[in-house]
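Participant: If you want the building blocks of each chain, they are given just below.
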Amino acid sequence: MSQQRKAVALISGGLDSMLAAKVVMDQGIQVEGINFFTGFCVEGHTHAIRKKDSDKPKRNNSLWVAEQLGIKLHIIDIIEEYKQVLLNPKHGYGANMNPCLDCKIFMVNKAKQWMTEHSFDFIITGEVIGQRPMSQRKQTMPIVAAESGADDLLLRPLCAQNLPVTLAEQEGWIDRAKLFNFSGRSRKPQMALAKQYGLSDYAQPAGGCCFLTDESYSLKLVDLWRARGERDYDLDDVMLLKVGRHIRPKPHFKLIIAREDGESRFMSGYKKDFISMNCASHRGPLVLVDGKPSEDDLLLAGQILARYGQGRDAEQVDVTIRDQLGVERNIEVKPLSADQILEEWFI
Amino acid sequence: MSVAVLNVRRLLCPLPVIRTQDKVKTLKPGDVLTVECTDPGVMQDIPAWCRINGHKVLETRVDNGDYVIVLEVSG
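Those sequence lines, one after another, are chains D and P.
Each residue of the first sequence is one higher than the one before, counting from 1 in the working numbering.
Each residue of the second sequence is one higher than the one before, counting from 1001 in the working numbering.
Because the hints were derived from the structure by calculation, they are not lab data.
Hints should not be assumed to be uniformly reliable.
[As the list claims (entries may be wrong)] Covered, in the sense of this in silico footprint (three residues per stretch, anywhere, with C-beta under 8 Å from a C-beta of chain D), are these stretches of chain P:
| hint | region |
| --- | --- |
| 1 | 1012 to 1021 |
| 2 | 1028 to 1037 |
| 3 | 1049 to 1056 |
These numbers were taken from a predicted model, which means no experiment stands behind them.
Every residue, glycine too, gets a C-beta built ideally from N, C-alpha and C.
Just chain D, with the same shape it has in the complex (with noise of 0.2 Å):
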């Protein structure tokens, strides 16, 4: 009897991973999933925060897929190893601050240790030859093989008839003609693979798994990075650019605003570890202050929160300032108008 051969599924929650994992389990091999957390996974989280946001579903895309698979997934925290790939990329950023090669590259590395430890045969990947501009392009499929080690035990079964022979071909637990030849940006094979495998339910392809991706949130990492003088950062850090209006009238502070009563709900989680404001004597969101503000700049902070509340228009607006510790006092303002808030302010 022949021995029940295993893969190890990279699992993004998308369409391309579910059906690389489907054409394989379809040729009789035992599928476990991994999903690799960076902190910057759009999965869920934003979703989570706000509350205009509540009536979306709030499934984890990769546990679904597993689910509708019927496999095994395996998510991994690799917040901290993932700061050497973000802040140190070999090959350079994307459009923003997504070191795509370089991630891909790091988990295709980390899920060849886990096949390893498991004793799995080979790693399965949804890449696609042209699909994506920088990691899943003809030049950068060697370099992911390549440089995480994975060589010929990385098998990409939605392109692999364009790619050379891998172990799993070459020993027969897989048959490369029942493999895909699929390259290019264009959506229609994977859509019609989709629908011959009667999945119709699925996580839509275009959209950015990551935040790292986002030009938006990218500027205000980097803007982190050049307030601190270091690049550096902690889960908090990530979580906090994911919400709230920021706004940095001086190098030395910056305001995060909350947008609705969701993200004011999230954000004062982190009353213990930031000075937060508030309107006290009109509605108004919830401000955390980061940085070192003097007693000026929280003025200043207080005109720009009660510009944002409903007391925008009144001549005077109570703002309640609280340390960390949260003792409170009480400042009297007047709200910035529209103008006075300056647009370079905004980050």
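Dock chain P against chain D, hints included.
Facilitator: Showing chain P alone in chain D's frame:
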């Protein structure tokens, strides 16, 4: 059988799932784990994770704004 409690308040998905997964690795079949969270996404994600991995969800409830999931570890 032992009973364990995991506090993952303030963490957003998928971190509560990851912490649950890591905690379950330290438990034995039949042990009961109560996970206390503030992200409503866990009400979908942790039961999904349990179904995938064969663990049994004994209870889900909202308790004073916290989302609480009680699960039994499978063999």
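Participant: With a cut-off of 8 Å between beta carbons, are at least three residues of the region 1012 to 1021 of chain P near chain D?
Facilitator: holds (count 7)
Participant: Counting residues of the region 1028 to 1037 of chain P with a beta carbon closer than 8 Å to any beta carbon of chain D, are there 3 or more?
Facilitator: violated (count 0)
Participant: With a Cβ-Cβ cutoff of 8 Å, does the region 1049 to 1056 of chain P contain at least three residues near chain D?
Facilitator: holds (count 4)
Of the numbered hints given earlier, the model fails hint 2 alone.
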